[in-house]
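> Sequence:
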Amino acid sequence: MSEYILPVLFVLLFIYCIYKRINTYDHFVKGARGAIKLVVEIFPFIASILIAVALLRVSGITDFLANLLSPIFGLLGIPTELCELVLLRPFTGSGSYGILESIFTTYGADSYISRCACVIMGCSETIFYVATVYISQTKVKKLLYAIPVALFCSLVGTILACLICKVM
Numbered sequence: 019m020s021e022y023i024l025p026v027l028f029v030l031l032f033i034y035c036i037y038k039r040i041n042t043y044d045h046f047v048k049g050a051r052g053a054i055k056l057v058v059e060i061f062p063f064i065a066s067i068l069i070a071v072a073l074l075r076v077s078g079i080t081d082f083l084a085n086l087l088s089p090i091f092g093l094l095g096i097p098t099e100l101c102e103l104v105l106l107r108p109f110t111g112s113g114s115y116g117i118l119e120s121i122f123t124t125y126g127a128d129s130y131i132s133r134c135a136c137v138i139m140g141c142s143e144t145i146f147y148v149a150t151v152y153i154s155q156t157k158v159k160k161l162l163y164a165i166p167v168a169l170f171c172s173l174v175g176t177i178l179a180c181l182i183c184k185v186m
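When we follow my numbering, the leftmost residue of the sequence shown carries the number 19, and every step to the right adds one.
These are calculated hints, taken from the structure and not from any lab test.
Note that the Cβ used here is the ideal one computed from N, Cα and C, for glycine as well.
Worth double-checking, as some hints may not be accurate.
[Stated by the list, open to error] Label-pair distances were calculated between CB atoms; the ranges are:
no.: 1; residue 1: K48; residue 2: V174; range: 35 to 45 angstroms
no.: 2; residue 1: F170; residue 2: N41; range: 42 to 52 angstroms
no.: 3; residue 1: L83; residue 2: R51; range: 23 to 33 angstroms
no.: 4; residue 1: L30; residue 2: G116; range: 37 to 47 angstroms
no.: 5; residue 1: Y130; residue 2: Y37; range: 20 to 30 angstroms
no.: 6; residue 1: D128; residue 2: I40; range: 45 to 55 angstroms
no.: 7; residue 1: Y152; residue 2: L178; range: 22 to 32 angstroms
no.: 8; residue 1: V158; residue 2: I40; range: 49 to 59 angstroms
no.: 9; residue 1: D81; residue 2: A127; range: 50 to 60 angstroms
no.: 10; residue 1: F28; residue 2: Y130; range: 19 to 29 angstroms
no.: 11; residue 1: V158; residue 2: P62; range: 39 to 49 angstroms
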């Protein structure tokens, strides 16, 4: 049934536009124009985050931090193999998917480590990426409490993900 939802919604929207005498093509072009403007406005913010993540990985800082924090993560119930994923997930989605793929290759898709990694990917967010896009498009510039709370919630979600996967 889910394969029919989008086409049905599209047809219903088209019928509604005909009924209300709305020029759908003009509105579509107007929306596309707005999307291009948005991409141009947020590109510098996104590029800076992607460059920062690449520099962290290439410099070896993420490996150093993963090794440094692995005993703490171990006490929290997070497998040490997932330290780099937990550290990079708040920064980048594509980078964390690359780590997820390497976890699948190394440990197999049905392993405990892979299951934990999948649940972590599903219950966490690219916090700094979202904050960057949000800051670039709003007048709100002070995220004093939002980012630490989001990071704390992401850590709690990670701990619970590993606990649930261990029980299952």
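> Compare the structure with each hint and give your call.
Tested hints:
| no. | hint | in the structure |
| --- | --- | --- |
| 1 | K48 - V174: 35 to 45 angstroms | 42 angstroms, holds |
| 2 | F170 - N41: 42 to 52 angstroms | 48 angstroms, holds |
| 3 | L83 - R51: 23 to 33 angstroms | 43 angstroms, violated |
| 4 | L30 - G116: 37 to 47 angstroms | 39 angstroms, holds |
| 5 | Y130 - Y37: 20 to 30 angstroms | 54 angstroms, violated |
| 6 | D128 - I40: 45 to 55 angstroms | 50 angstroms, holds |
| 7 | Y152 - L178: 22 to 32 angstroms | 25 angstroms, holds |
| 8 | V158 - I40: 49 to 59 angstroms | 33 angstroms, violated |
| 9 | D81 - A127: 50 to 60 angstroms | 24 angstroms, violated |
| 10 | F28 - Y130: 19 to 29 angstroms | 42 angstroms, violated |
| 11 | V158 - P62: 39 to 49 angstroms | 18 angstroms, violated |
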